[in-house]
Amino acid sequence: MKTCSPSTPIQETGYIHASGCSYKEDPMHGSRGPRRQRRRRRSFRDVNTPALSAVKFFEHMSSKHSFFARKYKRIFYHNLVRSEAAAAGLKSNAKVLHIGCGPMPFTSFELAQAGAYVTAVDIDPQAVEEARRAAAAAGLDARIQVLHMDGIEVDVKEFDGIWVSLHVSPKDEIIPRLLRDMTDESVLVYRNPRGWLRLWYGRCRQPVQQKVVRQFLGKESIIIRKQEINEEMPLSELYPGASGVIAHVPDHPQLSPLGIRQGKHITVSGRCMFDGPVVVSVDGRSSAVHRSLAQHIHIIPAQIIRTVQQ
Amino acid sequence: MSHDSRFQASVLLIGPPNVGKSVLFNHFTGMEVSCANYIGTTVEYSTGAFRGLSKEALLIDVPGTYTLEASNEAEKVAVEMLTHPTADKHEIKRGSSHCGPQSAYAPGKPSAVLCVLYAANLESSLHLLSYIMDYQLPVVAALNRVDIAKKKGIHIHHDKLSQILGIPVIPTIAPTGYGTEELKQALDETLFGNGQNQVSGVQSTDPLQRWKHAEDLASRVAHKDHHPDQGSTPGDLLTRPWPGLPAALLILLASFGLVVGVGMGLRQFILLPIFRGYVFPFIITAVESILQPGMLQRILIGDYGFLIKGIEWPFTLVFPYVISFYLAMAILEDSGYLPRLGALLDGIFNRLGMSGGSIIPLLLGYGCAIPAIMATRALNTRKERLIAVSIICLTIPCVSQTGAIVTLLAEQSVMVVAGMVLFSLIAAVTTGVLLEKLLHGPLPAMVIELPELLPPRPKVLGKKLAARSRRYITDGALPMIGAVGIASLLYETGIMAVFGRILSPLVTGWLKLPEEAAVPLVLGIMRRELSILPLLDMDLTGLQLFTGALVGLFYVPCIAVVVSTAKEFNIRTALLILLGTSSTAFLIGGLAAQIGSILF
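Same order as they appear, the protein sequences are chains A and B.
Position 119 (the first sequence) corresponds to 118 in numbering that gives the first Met the number 0; numbering is contiguous.
Position 136 (the second sequence) corresponds to 135 in numbering that gives the first Met the number 0; numbering is contiguous.
In short, the hints are calculated from the structure, not lab data.
As the structure is a prediction and not an experimental result, all values here were calculated from the model.
Stretch by stretch, here's where chain A covers chain B in the computed footprint (C-beta under 8 Å, at least three residues):
id	region
1	112 to 124
2	232 to 240
3	445 to 454
Over the 10 Å line for every Cβ pair with chain A, so calculated as not near, a few chain B residues:
id	residue
4	His154
5	Ala427
6	Gly481
7	Ala565
8	Ser596
The C-beta atom is built at its ideal place from N, Cα and C for all residues, glycine as well.
For reference, chain A alone in the conformation it holds in the complex (with noise of 0.2 Å):
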């Protein structure tokens, strides 16, 4: 049995193909679109090497041994998945979306384990074939279910629950759609990259009401329930380039006269480091606010921004 993590994107397909959404198909992307791509594709190889062949080695023991591959899974996915899966609140028997399940599907057969009803989809063919052995191999093809299809094709209405590997991109167009997509009961999942790993996994973050859970080995969990997505939301939680209207001001009496009133348009143009103001923009001036009271000026959000990647 030839198995590997799906955090591997080592597939002759390439990194991109490998993570359930290409850019292709995805009719979002703007005319800037493809280069970016290309970009972020060449650098990935680039920087990963080192990483990649620990990976790759980890990979191969697992294929190699099942009690490694146990292991394996026990260390780096048992209290990842267990803690999303309580973060979200995922009941028993929930219909789950696993996009970009790679060869060795762990995050499914936690779910499945968990008592969900996985469907797992990647787009990269020889994955989706070792990935459906993997699960008959650990006995849960009763509850996983492992497609060929990319992760933006799927009718994302039938599920409760969708999990976002983190190897999956570009998240920022793929979260903002799914989030469109998903329905108001379901809750969406996925992993950011926090330090290190910040070099080789593409981060974001959106501008709605969401869950982080700090996970093991530089790693973060995103979860965000649709249904307590807020039309506001606290000024200190928009990122930079972020824009929308003020809905609610606290009583102060310097904030009304820089233009921070009800109703205004508001732009983020920057957030200072140690938890320092906010920098924003109002009728082209710009004042720094400080975290603690942007946490009480309430805005609705333009639209679902695009948030920095670091």
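Following the hints, position chain B against chain A.
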């Protein structure tokens, strides 16, 4: 209450912060009130005779306010001035950051208001104007900075605005003087002509309604060419960690280099040769020809001869740094960079119990602690002010001290100067962290406007430098000459030797300095730089120089600073700061001496 007999009218200069009121004030009165490109420069009102009107009138520069709801100190001053100005309370609080013939002002209801509107942001200016018009006084409006508005693509029909409001509205550009003549004429007409200019206010108490009114009015008279792109401006970038942080480091290093480099250059190559080559030989021959050798001659031209040291120190040692520091500061002030630095550092400053806005008083402290202490008034909480003032008094050397320290240590090596800077930074952070823990109070939540980034104008810089130099000679150099005079008297009469013996356990035992180093410790109480300067002629070792400079750095702030601290807070606070600084000075200086003597 009536006006001073000399003045037949008084005009209040009111407007939002950082709109250029003080620039207009200086233009109309010929005075030199501090101006800078950030809010809170004017924390006190200043008065001056309005030049060029047909009759004598008094112009009063009021601190900038956004509203007239008296929600902070500056607004309270403005409201007081509009209704029944009682000058006495503020008169006492005045410091040296503003100068002017305060006594000329006798309280009374102002005859008219000159309201300065910010053309690039008409809305909030009109909001303030609506408050002012509620007071039923004649109003003339200056529509200032029309050049910035034009750059932003905003066109304002000032005639239409004037028509709607029923008051004269004159477009101006204060730094260049554009429109000021028309403004003067309009004001003259309003004050002494027979033109009717009695305005009626909005008479609305609901703040939202008032804003609505201002917004409507602004949209009626102003139109925008194009929407300025929402992309990040260079100003925005400076508040982001990248590239803001490296940029901040570069800018601060460049300023430090400018201060030390220009200062040392001026001293070494211009001032010192002139004074040593021409002035001192002349003085010495003059004194020697008049006086017989004796105590009097020694007082004048001896070791502490006040005609020698009293002229050498203020003019060749401190003066170059006054020029270089205020040059750097003026560039920083006028560019509008400092509030951005404040925003960038706010997160760090919060951990020291301050908000990013404290960066302005702290930097001003490198010039002189007194205006810095005055500038802390713009800070929001008392805790924040106390921490800022403590850091200024303890760890920030004033420009004279900097001059003295650099001169003292640069002969050893520039690295020692860098070591001092490091020491003072560590001490500042420690003070902040400790006081943050000790003092109770909420974390300051800063809201700060980030003004337009503007290139500093050489002409304005030159004017500022000239004003600073004049003020230094009257307020700095003359007292220093006097203090040196007293010192030479004490020294030659042998009183200083008594002090030296009393302090010898501390000075020779703990600090490992020669006995005569007690002299600067006594003098330092009078003026900060004198705690260091006498060490220059003592042939000290490198370690002793470092110890001496360290003690001098942390040692008590000068009497004037203690007095202004007592005025701003209370005597207890001032005494606590005095005690804190002197004990820190001896503790750190002693530790450096003791550890240093073991190591070297």
